[in-house]
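Heads up: the sequence lines are chains A and B, in that order.
Quick note, the first sequence lines up with residues 1 to 441 if you use the UniProt record's numbering.
Quick note, the second sequence lines up with residues 1 to 294 if you use the UniProt record's numbering.
Calculated from the structure, these hints are not laboratory results.
Mixed in with the good hints, there may be bad ones.
What the hints assert, rightly or not - Estimated spans, in silico, between C-beta atoms of each pair:
(1) Lys361/A - Trp113/B: 49 to 59 Å
(2) Asp235/A - Tyr143/B: 28 to 38 Å
(3) Gly157/A - Phe128/B: 29 to 39 Å
(4) Gly98/A - Asn290/B: 55 to 65 Å
Unchecked claim - Here are a few chain B residues that sit away from chain A, every Cβ distance over 10 Å (derived from the structure):
(5) Arg11
(6) Tyr15
(7) Trp73
(8) Leu152
(9) Thr214
(10) Leu261
Glycine included, every Cβ here is placed at the ideal spot set by N, Cα and C.
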Amino acid sequence: MFKKLSLAAAAVALSASTSFAATEVTWWHAMGGELGKKLEQIVQKFNDSQSDYHVTPVFKGTYPETLTSAIAAFRAGQQPAIVQVFEVGTGTMMAAKGAIYPVYKLMADEGEPWDPSKFIAPVVGYYSDPEGNILSFPFNSSTPILYYNKDVFKKAGLDPDVAPKTYAELADFSKKIVSSGAAKCGFTITYAATWIGLENFSAIHDLPYGTLQNGFGGPAAEFTFNGPTQVRLWDDLKKWQDTGYFQYGGPGGGPDSAPKFYSQECAIYMGSSGSRAGVIANAKNFQVGFSTLPYYDDVTKDPKNSIIGGATLWTLNGQKPEVYKGVAKFFTYLSQPEVQADWHQFSGYLPITNASYDLGKSQGYYEKNAGSDVGIKQITRGTPSDNSKGVRFGNFTQIRDVVDQQFETVLSGKQTAKQALDAAVKEGNAMLREFEAANSN
Amino acid sequence: MQTKRTIFSNRVLPYVLLAPQLAITLIFFIWPAFQAFRQSFLREDPFGMKTTFVWFSNYTRLFENADYLNALWVTLIFAVSVTALSMSLSLLFAVCVNRVLRSGRFYTTLLVWPYAVAPAAAGLLWWFMFNPSIGILPYGLRYFGYDWNYRLHEGDAMVLIVVASAWKQISYNFLFFVAGLQSVPQSVIEAAAIDGAGPFKRFWTVIFPLLSPTTFFLAVINITYALFDTFPIVDSTTSGGPSQSTNTLVYKVYADGFVGLNLGPSAAQSVVLMLIVVALTVVQFRWIENKVQY
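Same shape as in the complex, but just chain A (with noise of 0.2 Å):
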């Protein structure tokens, strides 16, 4: 009875194991909640429309933790195939040569169809070696753009189908929004010391934010974000504060951004693109308009291509060939404009490739979603500069800190905005050193 029953489990066994035989691809990602559960929709579609490979995702959190447990796992021995990295965290990946599997390289090897001309400029700028080579898939890409509340406009005086274009109609419109006491406050930034109000900032007005490029040259770039231009914004900034024009919302993301805006207490929220679903989700008493960032038009007349958020996926080494080629199989399915054409549509986040883009033109998703094609329109703006290609750089979560912390010093009256972003600078530059002598020797 014993051995009969052993032999029907074994045949089991064997029969599970040959109807399982496809290949296990693991990928590690940050989406939460509603892009969590589009993510998987995707995922699915893959592995229903082919039986030799099996991609199961893995949500381990947010972006940080993602990293993180994704290194650990490395030095375990115990990595994913593939690792959804935030923008901030490519400076990492590229310097761990020994670590990660170039995608470019990863998609020849596998002969798989490959051409970098078909990404967004932005992207293939961002993610690509001094050589050109693009290293991580992108996956999800944003860029931050300017949501303002039409309702309180009108009530403001203000004509709700103007979006304030430069800082100084910022200022301006927050006045006139602020007095007439249609909003407690003007306007809002998420990252408003780092991403937005930095990095983004300096790109568009075609500022250097470092050396070499951003530091696309090398590990031995310099930051140098503490010019005139800059030190004016933070300057601007404390003294919007003090007229209530504008309120912080807190470090990093600025978690107190989005209740302000979507609580009607600020009337500007200049957020990432990707937040486009949440925005119109949260804004269910008003009408939401959406805009590119402002500018100081006095300092150019004709602003820069804004730069990239987001993550792309990265190849971990260390895996069997035959889960290479399921990575590249799944990259080449990723690529598909169906796939990328509804992730950016569902999502808010920029459409990778130019056929994805396309795409969503002639279905007519733009006239019918206006203000969707705000945030590519305004990244694929002029031609990117070496100061608007985007920042790579070491370290730099942590350099994002300092960066908050001096800003938090202006806010409060503590330290003037040159002051404070000089300390950041070389606060920074020996974050940098200190990254360049861990990755040189």
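Given the coordinates of chain A, assemble chain B onto it according to the supplied hints.
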């Protein structure tokens, strides 16, 4: 005189009995501590591909770093405030509940509830209540002309994490104080009352000295709590800001090591933190315990 010593006739048995505890200590305490110690002398890239031995450079840089000295100072203020606030409040509550005869149980249940809340959830709770845009408390404070904003005002941020951390710990302290109060012999208090001592005099000269073992125990527990377990509260409310005013030592270890991926300096910090705790424990048990009457 009776000794606590038990004589085993079998020579191996005591070691076998000790083995599980020793194994746990070795695997979960000594080994990680050793790893941290080793790592604190290294400079490494996050993936561990290149490792350089840098002697004491991680330590010397630590004490030249203004941010680290600031974190030391912040931690001192924080730990003392949390311990003082949570212990004094819970002693007050315990004394009050101890005087209530019939509904004491009911109050005890209510007071023990916060202990069941996970620190991260507690942090979020206070984050909501104190949030400058959507919180109820800042709304009330503004009515009195106080502009509460822990995102900008360093004092506000410190008050927030102290209150949230102390609130979490009150239940624990309260239970021990109630138990301590109930073990004070009624006859001693009655004798003092007959001698003409009022309630305050009775408390400070009779009851409080008899509570000293409990108080000592709780002081040790609370300081350890403030140093280590408050990490989720800081993380979910202020994240160490504004401008580092609530960046405690344990939060800085996490931020530098796990978020910043700067492993060497972070390991050096945790070794220093470990030494601080060892020193504190020695001080507490060597000098303060002498003043405790069991």
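Evaluated hints:
Evaluation of the 49 to 59 Å hint for Lys361/A and Trp113/B yields a pass: the beta carbon distance comes to about 57 Å. Separation of Asp235/A from Tyr143/B is about 32 Å and conforms to the stated range, judged on CB atoms against 28 to 38 Å. Distance hint check: the CB atoms of Gly157/A and Phe128/B are about 35 Å apart, consistent with the given range 29 to 39 Å. With their beta carbons about 57 Å apart, Gly98/A and Asn290/B fall inside the hinted range of 55 to 65 Å.
At roughly 40 Å from the closest C-beta of chain A, the C-beta of Arg11/B stays outside 10 Å, upholding its exclusion from the interface. Interface exclusion of Tyr15/B from chain A stands, the closest Cβ pair being 32 Å apart, more than 10 Å. No Cβ of chain A comes within 10 Å of the Cβ of Trp73/B; the nearest lies about 15 Å off, and the non-interface call holds. Consistency note on Leu152/B: stated as away from chain A, yet its beta-carbon is not over 10 Å from all of that chain's, at 5 Å minimum.
Distance to chain A confirms Thr214/B as a non-interface residue, since its nearest Cβ pair spans about 40 Å, more than 10 Å. The Cβ of Leu261/B sits about 6 Å from the closest Cβ of chain A, inside the 10 Å cut-off, so the non-interface label is violated.
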